[in-house]
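Following the hints, complete the assembly by docking chains F and S onto the known chain L.
Residue numbers (this note's numbering), protein chains in the order written: chain L, 1 to 329; chain F, 1 to 329; chain S, 1 to 329.
Keep in mind that the hints were calculated from the coordinates and are not lab data.
Computed from a prediction, not measured in an experiment: that's the story for all the values here.
Note that the Cβ used here is the ideal one computed from N, Cα and C, for glycine as well.
A portion of the hints provided could be inaccurate.
Claimed, not checked - Straight line, CA to CA, 16 Å or less: simulated EDC-like cross-link-like pairs of lysine to aspartate or glutamate:
{"hint": "1", "chain 1": "S", "residue 1": "Lys273", "chain 2": "S", "residue 2": "Glu235"}
{"hint": "2", "chain 1": "S", "residue 1": "Lys85", "chain 2": "S", "residue 2": "Asp53"}
{"hint": "3", "chain 1": "F", "residue 1": "Lys55", "chain 2": "S", "residue 2": "Asp53"}
{"hint": "4", "chain 1": "L", "residue 1": "Lys273", "chain 2": "L", "residue 2": "Glu223"}
{"hint": "5", "chain 1": "L", "residue 1": "Lys55", "chain 2": "F", "residue 2": "Asp146"}
{"hint": "6", "chain 1": "S", "residue 1": "Lys174", "chain 2": "S", "residue 2": "Asp239"}
{"hint": "7", "chain 1": "F", "residue 1": "Lys175", "chain 2": "F", "residue 2": "Asp281"}
{"hint": "8", "chain 1": "S", "residue 1": "Lys55", "chain 2": "L", "residue 2": "Glu137"}
{"hint": "9", "chain 1": "F", "residue 1": "Lys174", "chain 2": "F", "residue 2": "Asp146"}
To be verified - Far from chain L, by Cβ distances over 10 Å, these chain F residues were calculated:
{"hint": "10", "residue": "Met117"}
{"hint": "11", "residue": "Tyr173"}
{"hint": "12", "residue": "Leu177"}
{"hint": "13", "residue": "Thr178"}
{"hint": "14", "residue": "Gly205"}
{"hint": "15", "residue": "Asp281"}
{"hint": "16", "residue": "Arg292"}
Spelled out, the chains give:
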Amino acid sequence: MHKPAWHIPPHRNPQLNARGELNHLLSIDGLPREILTHILDTASSFLEVSDRDVKKVPLLRGKSVFNLFFENSTRTRTTFEIAAKRLSADVINLDVGRSSTAKGETLLDTIDNLVAMHADMFVVRHAASGAPYLIAEHLHRIGRSDVHVVNAGDGRHAHPTQGLLDTYTIRHYKKDLTNLTVAVVGDILHSRVARSDIHALTTLGTGEVRAVGPQTLLPVAVEKMGVRVFHDLSEGLRDCDVIIMLRLQNERMNGALLPSAREYFDCYGLTPKTLALAKADAIVMHPGPMNRGVEIDSEVADGSQAVILPQVTFGIAVRMAVMSILAGN
Amino acid sequence: MHKPAWHIPPHRNPQLNARGELNHLLSIDGLPREILTHILDTASSFLEVSDRDVKKVPLLRGKSVFNLFFENSTRTRTTFEIAAKRLSADVINLDVGRSSTAKGETLLDTIDNLVAMHADMFVVRHAASGAPYLIAEHLHRIGRSDVHVVNAGDGRHAHPTQGLLDTYTIRHYKKDLTNLTVAVVGDILHSRVARSDIHALTTLGTGEVRAVGPQTLLPVAVEKMGVRVFHDLSEGLRDCDVIIMLRLQNERMNGALLPSAREYFDCYGLTPKTLALAKADAIVMHPGPMNRGVEIDSEVADGSQAVILPQVTFGIAVRMAVMSILAGN
Amino acid sequence: MHKPAWHIPPHRNPQLNARGELNHLLSIDGLPREILTHILDTASSFLEVSDRDVKKVPLLRGKSVFNLFFENSTRTRTTFEIAAKRLSADVINLDVGRSSTAKGETLLDTIDNLVAMHADMFVVRHAASGAPYLIAEHLHRIGRSDVHVVNAGDGRHAHPTQGLLDTYTIRHYKKDLTNLTVAVVGDILHSRVARSDIHALTTLGTGEVRAVGPQTLLPVAVEKMGVRVFHDLSEGLRDCDVIIMLRLQNERMNGALLPSAREYFDCYGLTPKTLALAKADAIVMHPGPMNRGVEIDSEVADGSQAVILPQVTFGIAVRMAVMSILAGN
Numbered sequence: 001m002h003k004p005a006w007h008i009p010p011h012r013n014p015q016l017n018a019r020g021e022l023n024h025l026l027s028i029d030g031l032p033r034e035i036l037t038h039i040l041d042t043a044s045s046f047l048e049v050s051d052r053d054v055k056k057v058p059l060l061r062g063k064s065v066f067n068l069f070f071e072n073s074t075r076t077r078t079t080f081e082i083a084a085k086r087l088s089a090d091v092i093n094l095d096v097g098r099s100s101t102a103k104g105e106t107l108l109d110t111i112d113n114l115v116a117m118h119a120d121m122f123v124v125r126h127a128a129s130g131a132p133y134l135i136a137e138h139l140h141r142i143g144r145s146d147v148h149v150v151n152a153g154d155g156r157h158a159h160p161t162q163g164l165l166d167t168y169t170i171r172h173y174k175k176d177l178t179n180l181t182v183a184v185v186g187d188i189l190h191s192r193v194a195r196s197d198i199h200a201l202t203t204l205g206t207g208e209v210r211a212v213g214p215q216t217l218l219p220v221a222v223e224k225m226g227v228r229v230f231h232d233l234s235e236g237l238r239d240c241d242v243i244i245m246l247r248l249q250n251e252r253m254n255g256a257l258l259p260s261a262r263e264y265f266d267c268y269g270l271t272p273k274t275l276a277l278a279k280a281d282a283i284v285m286h287p288g289p290m291n292r293g294v295e296i297d298s299e300v301a302d303g304s305q306a307v308i309l310p311q312v313t314f315g316i317a318v319r320m321a322v323m324s325i326l327a328g329n
Numbered sequence: 001m002h003k004p005a006w007h008i009p010p011h012r013n014p015q016l017n018a019r020g021e022l023n024h025l026l027s028i029d030g031l032p033r034e035i036l037t038h039i040l041d042t043a044s045s046f047l048e049v050s051d052r053d054v055k056k057v058p059l060l061r062g063k064s065v066f067n068l069f070f071e072n073s074t075r076t077r078t079t080f081e082i083a084a085k086r087l088s089a090d091v092i093n094l095d096v097g098r099s100s101t102a103k104g105e106t107l108l109d110t111i112d113n114l115v116a117m118h119a120d121m122f123v124v125r126h127a128a129s130g131a132p133y134l135i136a137e138h139l140h141r142i143g144r145s146d147v148h149v150v151n152a153g154d155g156r157h158a159h160p161t162q163g164l165l166d167t168y169t170i171r172h173y174k175k176d177l178t179n180l181t182v183a184v185v186g187d188i189l190h191s192r193v194a195r196s197d198i199h200a201l202t203t204l205g206t207g208e209v210r211a212v213g214p215q216t217l218l219p220v221a222v223e224k225m226g227v228r229v230f231h232d233l234s235e236g237l238r239d240c241d242v243i244i245m246l247r248l249q250n251e252r253m254n255g256a257l258l259p260s261a262r263e264y265f266d267c268y269g270l271t272p273k274t275l276a277l278a279k280a281d282a283i284v285m286h287p288g289p290m291n292r293g294v295e296i297d298s299e300v301a302d303g304s305q306a307v308i309l310p311q312v313t314f315g316i317a318v319r320m321a322v323m324s325i326l327a328g329n
Numbered sequence: 001m002h003k004p005a006w007h008i009p010p011h012r013n014p015q016l017n018a019r020g021e022l023n024h025l026l027s028i029d030g031l032p033r034e035i036l037t038h039i040l041d042t043a044s045s046f047l048e049v050s051d052r053d054v055k056k057v058p059l060l061r062g063k064s065v066f067n068l069f070f071e072n073s074t075r076t077r078t079t080f081e082i083a084a085k086r087l088s089a090d091v092i093n094l095d096v097g098r099s100s101t102a103k104g105e106t107l108l109d110t111i112d113n114l115v116a117m118h119a120d121m122f123v124v125r126h127a128a129s130g131a132p133y134l135i136a137e138h139l140h141r142i143g144r145s146d147v148h149v150v151n152a153g154d155g156r157h158a159h160p161t162q163g164l165l166d167t168y169t170i171r172h173y174k175k176d177l178t179n180l181t182v183a184v185v186g187d188i189l190h191s192r193v194a195r196s197d198i199h200a201l202t203t204l205g206t207g208e209v210r211a212v213g214p215q216t217l218l219p220v221a222v223e224k225m226g227v228r229v230f231h232d233l234s235e236g237l238r239d240c241d242v243i244i245m246l247r248l249q250n251e252r253m254n255g256a257l258l259p260s261a262r263e264y265f266d267c268y269g270l271t272p273k274t275l276a277l278a279k280a281d282a283i284v285m286h287p288g289p290m291n292r293g294v295e296i297d298s299e300v301a302d303g304s305q306a307v308i309l310p311q312v313t314f315g316i317a318v319r320m321a322v323m324s325i326l327a328g329n
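The following block holds chain L by itself, in its conformation from the complex (with noise of 0.2 Å):
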């Protein structure tokens, strides 16, 4: 039977050192309410470095940052490229695609080399769910607690640094989260964006996480995440404060899963319309890349309650954080 990998239970989660303190950034779940909130403080501190003329502080400086992106995401790297190059680091990007592992090398012998050239921290991303955890039991098993590990995104598991940036986001643009209601509206069941956003937004007591979409797209049990389960979504969309809208991958679009994507943009995509059914000053997000026309309709996109480019910007500035705290800064 398929466990899925989120349900990695709390005592075996490694990101925590022994003195409680962020060793690796691997999943929201598990993270104390605390550390997200010091992860959320820094990051606003670093938000002003990205508008400085000589936007670099040297924090990392002499550091080297592996991306190590099993699963192709030019934007994601290049966040982190830039996050790690404002904070000083060396960064070396490794095509993995390409590399020792399509020579038969394992993924944990690939590690133990980069950290024999003294890598001090790896982005990782990974069709796999889990593959990042693997990494940092083996730093732990082979005693290089020093070396850390940042998930950028694995398999349909976790996306912690986007969840922690949705979370600033709306942090910063509603202050208190406790009276808030927060849609998450699309394709739930294969996002790992959905995942660590209901992470984040229930440890940090959201007042009400709703997940909206069709039953097919929704993990079975999803109401164990704390979030209240809608499959209509005028209903979902209703007085609501935030709206996150997911993308919809394009291979869903004509599987079984899926009648087409225009039934779907019927159903649940994000128009003036359904929009208007949420408060008048509610804010809509997108992690990105947007599918105009499919999730979102191009109105709603670039209207005034976007803050979806906001996003991106704080994104930076959460990942700088993120690296910085992980490095002892």
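Only chains F and S this time, still in chain L's reference frame:
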């Protein structure tokens, strides 16, 4: 009816800011002589930097320069990467072919995202004429005149840094342009280099600019660009001071426009014999990469009149000058 | 008749300048013992840099180092990139497979262009034996002895930094080489690593160097390299101090030279049982990436006698030493 992109009227040219200073480098066409001269003069001062033991100046320190090469060109990307690094910028190469655009994101969504990451400059290469204009106009529309665009080659339209470095080279070897005869030879129809060269040379008051090539490879009404047309190579080269050979794109060679590479070489290839028709001190230029034995004989390419490699050296200095001027130094 | 590239006579060896100093690192063959010792001693001093909090020294600041990998190798490229960045150089990775060479430009035209951009150093990997020699001789011919070449592996010819790091590793663990017995095991015929190891070890006066492998995977007249030949693994390992296992290239496994990977492992794979024939304190080396279960058993690869990961660490220091010496520090 097809209206060539290079007929964008000057009053819509978004290259200059309200004070008449260079804000983007999109095309030589539409730039006043003073700005061209200012770039060339600035390049002179950067030439010395690449000769230093420590080839670095801090003018772009902490700036984020994005190489957006929608059309692959390792060589041109490398020249911009070197120029930016010698100015101490953080350079991020985006492998755009494999990025979000492939996931259905629009060009302007990609730009908006990078602007949200606090990009300072985009170096753009695109197979479509006008793509860098589109980006510059978008930046103007969203009020971000602090973000700059450098056109690194767009379709058949323009390759302005090549036009500038070619002009720099001519000025370096021949000083005064007003009495010179310059022949541009080859496939002018498909060449953005030719268009940028011709605009730069005529703007700077070159004595005579000649367009030399077969009828099928010259634009209709090319005379309107201020050139004298020759279909015969010998006549076109006679008494020239400067010969700019164009690269014959491989894809033209077996097409309807040309009988064969061999026949092209016989009619339009530069050999010691045809070179002898030009002035004794004529210089030979080529934007590279050369097709030896197609548009140019190896004896000429490696001969004493060739200044093809100095063009490359000057190209770095010109790109440093452009980036530095755009960044406001 | 085929004349192996590694028979290039020493008097044509362009590695040394007129004062006998290292100007290029192309091959261990032809280098005097003093230079090898100087590189190893310099590497010692760089080992400490990678252990610092700020892993950076300014020795190559403002220098432009080009990684020219005509043959793909993410791992080797990464080691040179890290080494150069820790020396503060500007590193430019050229994806040569997709560059101008693909547009018909010759190798030396590419080199001429990069020299014109003020390159300081080329790190070259090429499938053809002798390619880095060709580049070095060209640089000599054009009078540019200030530009340096490091061979990062050429065909079956040489991989000198691997030879140096292997020697460094042996010296680190065993101090004096004169009384040692070192076995090089596997596909020596196709291995540039083996050739560089053997040259380094014999030049430094190693007691006995053994070449162990099947007749079909040993070069003709391998004894002339100063090694003792063994076809039987047990005999070859008996009383050894050092065992260097070679990677079996996948492409050999199903060819005419070898019956199967399984049979190879049975005859030449290093297992705890065969390792026991060597001295009790023998060390086990491998250039990586390993084929576990083909040339080496996992129990040995991960065992207490393996020094495979220290090899990687020393490799960074050795490459920093080579680059620093070439740059004249």
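Results of checking the hints against the structure:
1. S/Lys273 with S/Glu235: Given that 16 Å is the threshold and the Cα spacing comes to 13 Å, the pair holds.
2. S/Lys85 with S/Asp53: 15 Å, holds
3. F/Lys55 with S/Asp53: 26 Å, violated
4. L/Lys273 with L/Glu223: Status violated; Cα separation ~28 Å.
5. L/Lys55 with F/Asp146: Roughly 14 Å between the alpha carbons, so the hint for L/Lys55 and F/Asp146 holds.
6. S/Lys174 with S/Asp239: 14 Å, holds
7. F/Lys175 with F/Asp281: 13 Å, holds
8. S/Lys55 with L/Glu137: 25 Å, violated
9. F/Lys174 with F/Asp146: Distance ~37 Å between F/Lys174 and F/Asp146 Cα, so the pair is violated.
10. Met117: The assertion about F/Met117 is violated, with a minimum of 6 Å to chain L.
11. Tyr173: Non-interface label on F/Tyr173 holds, nearest chain L Cβ at 38 Å vs cutoff 10 Å.
12. Leu177: Nearest chain L Cβ is 37 Å from F/Leu177, so the label holds.
13. Thr178: Given a closest Cβ separation of 41 Å, the condition holds.
14. Gly205: Given a closest Cβ separation of 38 Å, the condition holds.
15. Asp281: 47 Å, holds
16. Arg292: Check passes; 31 Å lies beyond 10 Å.
Hint compliance for this structure: hints 3, 4, 8, 9 and 10 are broken, all remaining hints hold.
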